[in-house]
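Enquirer: Listed in order, the protein sequences are those of chains D and F.
According to our numbering, the stretch in the first sequence is residues 1 to 488, in order.
According to our numbering, the stretch in the second sequence is residues 1001 to 1513, in order.
Hints may contain errors.
Stated by the list, open to error - If you anchor each label on the Cβ, the simulated ranges turn out as follows:
#1 D:439 <-> F:1008: 25 to 35 Å
#2 F:1048 <-> D:51: 53 to 63 Å
#3 D:51 <-> F:1494: 51 to 61 Å
#4 F:1068 <-> D:465: 14 to 24 Å
#5 D:378 <-> F:1068: 23 to 33 Å
#6 F:1393 <-> D:440: 21 to 31 Å
#7 D:465 <-> F:1001: 24 to 34 Å
#8 F:1376 <-> D:378: 41 to 51 Å
#9 F:1066 <-> D:156: 55 to 65 Å
#10 F:1357 <-> D:427: 24 to 34 Å
#11 F:1459 <-> D:33: 55 to 65 Å
#12 F:1001 <-> D:480: 23 to 33 Å
#13 D:378 <-> F:1108: 17 to 27 Å
Unchecked claim - Examples of chain F residues toward chain D, derived with CB under 8 Å:
#14 1139
#15 1146
#16 1153
#17 1165
#18 1166
#19 1168
#20 1187
#21 1195
#22 1208
#23 1210
These are computed hints drawn from the structure, not numbers from a lab.
Here the structure is a predicted model, which is why all the values come from computation and not from measurement.
Ideal Cβ placement from N, Cα and C applies to all residues, glycine included.
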Amino acid sequence: MTGEQLLLLMPIILVTVTAVMTMLMVAVKRNHAVSCLISAVGLILALLSLVIVIPLAPAEVTPLLRVDAFSLFFTALILLSGLAITLFSYPYLSNLEDHQDEFYLLLVIAVLGALVMVSSTHFITAFLGMETLSVCLYGMIAYPLHRRETAQYPMEASIKYLVLSAVSSGFVLFGMALLYAQTGTLHFSSIAAALSGLEGVVPPVYYVVAALLIITGFAFKLSLVPFHLWTPDVYEGAPLPATAFLATVGKLAMAALLMRYMSVGGVLGSESIVYVLSVMAVFSIIAGNLLALLQSNLKRLLSYSSIAHMGYLLIALLTLDTLEDSLGAEAVSFYLVAYVVMSLGAFGVMMVVSDSAQERDHIGHYQGLFWRNPWLALVFTAMLLSLAGIPLTVGFIAKFYIVAAGVEGAKWGLLFAMIVGSGIGLFYYLRIIYRMLTPLEYFEPMREAGLKELLSHCVLFVLLCALIAFGVYPNGLMSLLESVVATL
Amino acid sequence: MILLWLIVILFLGGALAWASEALDAKLPRVVALFSLLASLGLVLWLWSTGGADVRTPGGTWWVLDSWNWIPRFGIALKVGVDGLGLLMLVLTVFLGLMALGAAWNEITQRTGFFYFNLLWTLAGVVGVFTALDLFLFFFFWEVMLIPMYLIIAIWGHENRAYAAMKFFLFTQVSGLLLLLAILCLAYFHYAQFGVFSFDYFALQNVVLEERFQMWVMLGFFIGFATKLPAFPLHSWLPDAHSQAPTAGSVLLAGVLLKTGAYGLIRFTIPLFPEASASFAPVAMSIAAIGILYCAKLAFAQNDIKRLIAYTSVSHMGFVLLGIYAWNLYGLQGAVMTMLAHGLSSAALFMLAGGLQHRLHTRDMDKMNGLWSQLPMLSAMALFFSIAAVGMPGLGNFIGEFLSLLGAFQASRTITAISALGLIFAAVYSLWVIQKVFHGPYKIPEGVGRSAIPEDLSTVELLCYVLMALGLIWMGMYPQSFLELSGPGLESLLQAIGAFSGELGSATLNGGAL
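Can you build the whole structure from these sequences, using the hints too?
Expert: This is the structure in structure tokens:
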């Protein structure tokens, strides 16, 4: 390994160092603030190191990892989300009747796993990254285990996630084995090359089965119907920072990996795979939106809505192969950016009003928020409207991108499902907004924003700015993404 | 630049009104008043000094400006007005002032946020009437929804949650169909010319296969017909109107419904002439059914606001009829009906709101003989009901007469059936007058025996007189409006040609108008 290759891996190395530092700090002296600070600084340094890495890309670092504009873009996005969640976690965890430091340790290692996933072009690294991310998430989900009132929920959620995640890993492993049996390689692009060499010689039956098994495993992580059953329970049971992490970084890394696999690995060449994915997309959109309709727990509601959003994303993923300069890859990347911004914002508001003693995740907790705390209500409303795809927000441009990609790929059925789904979706987003507008009969003061929450509010402000800036003037992001996906 | 200023003034005025609430709860309405007066000044200045610029496409555009926005998709901030757009702008800003008058004393809670929503709705509508880039158009189309939703949901009456939700779902889902149709059109432009474009003039050059054209046209039609509203898609309107606060109803009936009709004239037919021509008989039948069916439903209502809402649907049927007749008479009739109905229905909703404010009920069974108690309000109600009926000499007559005249050239049967709507209109209007204002006075429940409801305040009287003068002007000298909208409509007709085929004798008949 040359020095240049080490430089290319700077973000990953820095995050690893951060994890080690956090661990050592715990051994020396436990201090919540210091642990949080070390993680945050580590993530920021990793982010800054991108400045050094960008001129060197694109390059293969060993056959396992590829550092190019695509991976760097998602690295930046994951680091930023990780940073935001770190900052949100500090006030949330500060009254936990337990040690807080290990949460940051788990978070940083999970970020490491996600970074490996988005840079991998080989199934070995992809699998390693997935497992690193998942194992840390088990711990994060079960973190407030010793909290007396709700002790059973985090444990239940964690076990559920553990079992189903392990099963999905099994699917991926089996798929990889079959793939190796057929092609003799696990590198994404060599798989595609080997397949085109096989054409006409052997019918690629193994390959279709293998790809379907792998996609099944991925679909578990993305919680696409019919592999979505864990989602609401895990979202509800996990503490809010873990939920937010799962919903943003978890989905982001998985979707980026799937996107690279689908665009490089020649998956969409097979009609049956396209068919299966289309059915999954339609069911995710319809079922996700229908199940979210009457939820009164916002975490469950957002979990179902995330199922629907992953369905929308799948529409764009399915158009990846249609044309040479297709909009598909851009649409997926843009949608992911939008999704991360709005999910972080929505969960961020919930984290600001909650703490580990009491999670305010019921819709009733937000009644009259407009008149009790206009600032938080404004942020929450903007995030929800963006999730619903209303103009002036990034969610609208994202939905516009998906429809544009779908029209280009002539996916009429899927687009129709999207229209129906969005129509249903409006209902539950508006229901929350309406509850926030309805005045409360009695006065229940919100938690006062102290110095501790100041950073969280700053993050919310940044997110709101991003939401509106990308919604009103998306051109900068669009041209960036255009150059990013060109390297795919 | 002037159009951009118009939109910016309204957006900024709204934000300022919200912010000014912190100083004084009465300040927001003053801020709103000044920003509306400023925009009225701009519009009137444009009217008095401007004129058609021959260098523009068709030579009928007064102002045409364009700035880059999202070059990746060929999206530009392209705005422009012709005579038609200008008339709509005048109507919008004028009715914005009327809505402000209606809200002046009625809205006492959270005033800052109310005027913010009021001005942002108007900004969205102004954007809709000026946008010439379809993406920008859709953007504004959606921008006007959220503030309107909030107006209904926060300041509405007893059943506001349901009404607001229904309003939003109907318009938003149909809006998504519109978005899909717009993107299809833009993609076909890409397929044919190699670049994405949402430009109104560029998209007119796209040649669509017949089967596609019908589907894409239907996307546009459903999007606009829901807003109009046309017959099977109208059910959101009575709920939204009856539950909205008075100012909200004024804006909905006076301005928001007109965006649907405007969309049909400006976009649907010029972009898809062939598909529209073959669809015209269906659209005209829908219009006729809407006119008669909703007039009958109006007759069955006890709630005075619901009644006016159904009459609105019925009258908008004449607009749809005139548009799809696609000749100069029909189009001029549609435009005149839009203007006149904007004034008369806004006034009627204000009157209904005034009654509710005084009597705390909208139930007509509980109202009786109000003339003796509220002479000025009753006289105004009589005037505007008569106007809505289509009394010659007032604007509505001109509009409906021209619509029917145009439609007669396109289809005699449908016209004859639709004309029956005029009789129904007379029946329900006079019935309301008789029931509510005539007869002996009975104190409604909920109003104290001693409390005599107050007659019109100065602000209210001023609003009604202004609207009445507008209607008389339209009725007595419609030429000043027809001249304004004429050139734009004629150039549309010339570009496409009149609908022919089974519709028979529809011909381009410029001249006298």
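Enquirer: It remains to establish, for every hint, whether it holds in the given structure.
Expert: Cross-check of the supplied hints:
no.	hint	result
1	D:439 <-> F:1008: 25 to 35 Å	holds, 33 Å
2	F:1048 <-> D:51: 53 to 63 Å	holds, 58 Å
3	D:51 <-> F:1494: 51 to 61 Å	holds, 60 Å
4	F:1068 <-> D:465: 14 to 24 Å	holds, 22 Å
5	D:378 <-> F:1068: 23 to 33 Å	holds, 30 Å
6	F:1393 <-> D:440: 21 to 31 Å	violated, 54 Å
7	D:465 <-> F:1001: 24 to 34 Å	holds, 27 Å
8	F:1376 <-> D:378: 41 to 51 Å	holds, 43 Å
9	F:1066 <-> D:156: 55 to 65 Å	holds, 59 Å
10	F:1357 <-> D:427: 24 to 34 Å	holds, 32 Å
11	F:1459 <-> D:33: 55 to 65 Å	holds, 59 Å
12	F:1001 <-> D:480: 23 to 33 Å	holds, 30 Å
13	D:378 <-> F:1108: 17 to 27 Å	holds, 23 Å
14	1139	holds, 5 Å
15	1146	holds, 6 Å
16	1153	holds, 6 Å
17	1165	holds, 6 Å
18	1166	violated, 10 Å
19	1168	holds, 6 Å
20	1187	holds, 5 Å
21	1195	violated, 12 Å
22	1208	violated, 13 Å
23	1210	violated, 17 Å
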